[in-house]
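As you go down the protein sequences, you meet chains A and B in turn. Using my numbering, the letters of the first sequence correspond one by one to residues 216 to 430. Using my numbering, the letters of the second sequence correspond one by one to residues 478 to 559.
Because the hints were derived from the structure by calculation, they are not lab data. Ideal Cβ placement from N, Cα and C applies to all residues, glycine included. Some clues are possibly wrong.
[As the list claims (entries may be wrong)] Computed list of lysine to any residue pairs in SDA-like fashion (alpha-carbon distance at most 25 Å, straight line):
id, chain 1, residue 1, chain 2, residue 2
1, A, Lys315, A, Val285
2, A, Lys315, B, Pro504
3, A, Lys315, A, Arg295
4, A, Lys217, A, Ala272
5, A, Lys315, B, Thr537
6, A, Lys315, B, Gln518
7, A, Lys217, B, Cys517
8, A, Lys217, B, Asp484
9, A, Lys217, A, Gly309
10, A, Lys315, B, Gln512
11, A, Lys315, B, Glu521
12, A, Lys217, A, Asp323
13, A, Lys217, B, Gly519
14, A, Lys217, A, Val277
15, A, Lys315, B, Cys517
[What the hints assert, rightly or not] DEER-style ranges, computed between Cβ atoms:
id, chain 1, residue 1, chain 2, residue 2, range
16, A, Ser287, B, Gln518, 53 to 61 Å
17, A, Ala240, B, Gln549, 53 to 61 Å
18, A, Glu283, B, Ala535, 25 to 33 Å
19, B, Glu496, A, Pro236, 54 to 62 Å
20, B, Tyr523, A, Gly401, 50 to 58 Å
21, A, Ser242, B, Pro544, 57 to 65 Å
22, B, Gly541, A, Gly232, 50 to 58 Å
23, A, Thr234, B, Gly500, 16 to 24 Å
24, A, Glu281, B, Pro544, 47 to 55 Å
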Amino acid sequence: MKAYKFTRPGAVGLLTGFTWPRPAAGSPGTWVEAPEAALCQAGIHACRPAHLPFWVAEELWVVELEGEVVESANKLVARRGRLVERVEDWSAGGAVEFGKDCALRARDLAADALVAAGWLGPAEELGACADFETLPQMAASMCRQTSGQAALMTGYAADSAFYAAIGQPGVAAYVTAVAAGDAAAGQRQNCGRSPAALAERARQAAWAVEHLDLL
Amino acid sequence: MSEPMSDLACQEIVELVTEYLEGDMEPERADLFEQHVVFCQGCEVYLDQMRRSIALTADTGADGVDPVVLDQLMATFRSRRG
Numbered sequence: 216m217k218a219y220k221f222t223r224p225g226a227v228g229l230l231t232g233f234t235w236p237r238p239a240a241g242s243p244g245t246w247v248e249a250p251e252a253a254l255c256q257a258g259i260h261a262c263r264p265a266h267l268p269f270w271v272a273e274e275l276w277v278v279e280l281e282g283e284v285v286e287s288a289n290k291l292v293a294r295r296g297r298l299v300e301r302v303e304d305w306s307a308g309g310a311v312e313f314g315k316d317c318a319l320r321a322r323d324l325a326a327d328a329l330v331a332a333g334w335l336g337p338a339e340e341l342g343a344c345a346d347f348e349t350l351p352q353m354a355a356s357m358c359r360q361t362s363g364q365a366a367l368m369t370g371y372a373a374d375s376a377f378y379a380a381i382g383q384p385g386v387a388a389y390v391t392a393v394a395a396g397d398a399a400a401g402q403r404q405n406c407g408r409s410p411a412a413l414a415e416r417a418r419q420a421a422w423a424v425e426h427l428d429l430l
Numbered sequence: 478m479s480e481p482m483s484d485l486a487c488q489e490i491v492e493l494v495t496e497y498l499e500g501d502m503e504p505e506r507a508d509l510f511e512q513h514v515v516f517c518q519g520c521e522v523y524l525d526q527m528r529r530s531i532a533l534t535a536d537t538g539a540d541g542v543d544p545v546v547l548d549q550l551m552a553t554f555r556s557r558r559g
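Same shape as in the complex, but just chain A (with noise of 0.2 Å):
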């Protein structure tokens, strides 16, 4: 089956540093065989589309799996598996593309909380503003001249905005769903996977597929 899998830089495996064969001259890597399939264990680790946004690293390669296909809510486990192109648009600006796209996301609920708090001038700023080397810091003073539910939500905005802007789109990501899940509950929650946290993971890879033209 074709699936998706993030490495480091020269299709080094997240985690286990396993540097995997790479494809050459047209032709898919060789295969990657392992014993068994066990969730976070043993076996190839893949993604289909809606896993991609907890796994984000440098390069993003399609994958094609064979054998038994152990699948969890955010990974696919199978026994072999090989590398057969690499996802360019990833690396020529998708993944920055995407860092900024959550951001805007938090941004974006960061100005609800704002309106809800009353404060409806800075919402309207901070709505308006796209500009990655202002947004972080713009977040982080509203974060400091408010409070409650408004101080968290610019701060969560700041964060993202700040991770986005340095090239980090996988944090930017995981603050943009814990911040659409504290944004739901009203409160802080440290949780990535309540629903609106994973409602809002399910929005980051909508975006992927459609931006990297996935599947």
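On the provided structure of chain A, position chain B as indicated by the hints.
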């Protein structure tokens, strides 16, 4: 339906790393552990250091350790456990 587990902080990653590396962690918690490590550079480095340390010391047995040092080590471990 149970509440989803809270996300893990860096300090918890440090405390759980042995459990993770020994494969003793339940899948949902292992998932949280891995998701944290993937985007936290400090914890990724720590996990890598632990893996390397285990690999480097795998062949080291207690026989080659000076008895005085061994006693000191065991005393330290016992005192840390309370």
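Quick rundown of the hints versus the structure:
With a CA separation close to 32 Å, the supplied pair Lys315 of chain A and Val285 of chain A exceeds the 25 Å bound. Between Lys315 of chain A and Pro504 of chain B, the direct Cα distance comes to roughly 31 Å. Violation of the 25 Å bound is thereby established for this hinted pair. A distance of roughly 35 Å separates the Cα atoms of Lys315 of chain A and Arg295 of chain A; the hinted pair therefore is violated under the 25 Å criterion. Proximity of Lys217 of chain A to Ala272 of chain A is assessed by CA-CA distance (about 19 Å); at most 25 Å being required, the pair is judged to hold.
Restraint check: the Cα-Cα separation between Lys315 of chain A and Thr537 of chain B comes to about 49 Å, which exceeds 25 Å; the hinted pair is violated. About 20 Å separates the Cα atoms of Lys315 of chain A and Gln518 of chain B, which keeps this hinted pair within 25 Å; it holds. Between Lys217 of chain A and Cys517 of chain B the CA atoms are separated by roughly 28 Å; this puts the pair beyond 25 Å, and the hint is violated. In summary, the hint linking Lys217 of chain A to Asp484 of chain B is not supported, as the alpha carbons are separated by about 30 Å, beyond the 25 Å threshold.
Taken as a hint, the Lys217 of chain A and Gly309 of chain A pair is honoured in the structure, with Cα atoms around 21 Å apart against an allowance of 25 Å. A C-alpha spacing of about 20 Å is found between Lys315 of chain A and Gln512 of chain B, which places the hinted pair at or below 25 Å, so the restraint holds. With a C-alpha separation of about 24 Å, the suggested pairing of Lys315 of chain A with Glu521 of chain B holds against the 25 Å cut-off. Only pairs whose Cα atoms come within 25 Å are accepted, and Lys217 of chain A paired with Asp323 of chain A is rejected, the gap being roughly 35 Å.
Only pairs whose Cα atoms come within 25 Å are accepted, and Lys217 of chain A paired with Gly519 of chain B is rejected, the gap being roughly 32 Å. Under the criterion of a C-alpha separation no larger than 25 Å, the hint pairing Lys217 of chain A with Val277 of chain A is consistent with the structure, at around 7 Å. This hinted pair checks out: Lys315 of chain A and Cys517 of chain B have alpha carbons roughly 19 Å apart, not beyond 25 Å. One distance hint, 53 to 61 Å for the beta-carbon pair Ser287 of chain A and Gln518 of chain B, is violated here, with the actual separation near 25 Å.
For the pair Ala240 of chain A and Gln549 of chain B, the beta carbons lie near 59 Å from each other, so the given range of 53 to 61 Å is met. Between Glu283 of chain A and Ala535 of chain B the C-beta distance comes to about 30 Å, which sits within the given range of 25 to 33 Å. A hinted range of 54 to 62 Å is violated for the C-beta pair Glu496 of chain B and Pro236 of chain A, which are about 31 Å apart. As the Cβ distance of Tyr523 of chain B to Gly401 of chain A is approximately 35 Å, the hint placing it in 50 to 58 Å is violated.
The hint said 57 to 65 Å for the Cβ distance between Ser242 of chain A and Pro544 of chain B, and at roughly 59 Å that hint holds. One distance hint, 50 to 58 Å for the beta-carbon pair Gly541 of chain B and Gly232 of chain A, is violated here, with the actual separation near 28 Å. The hint said 16 to 24 Å for the Cβ distance between Thr234 of chain A and Gly500 of chain B, and at roughly 22 Å that hint holds. Take Glu281 of chain A and Pro544 of chain B: their Cβ atoms lie about 54 Å apart, and the range 47 to 55 Å holds.
Violated hints, in rising order: 1, 2, 3, 5, 7, 8, 12, 13, 16, 19, 20, 22; the structure is consistent with all others.
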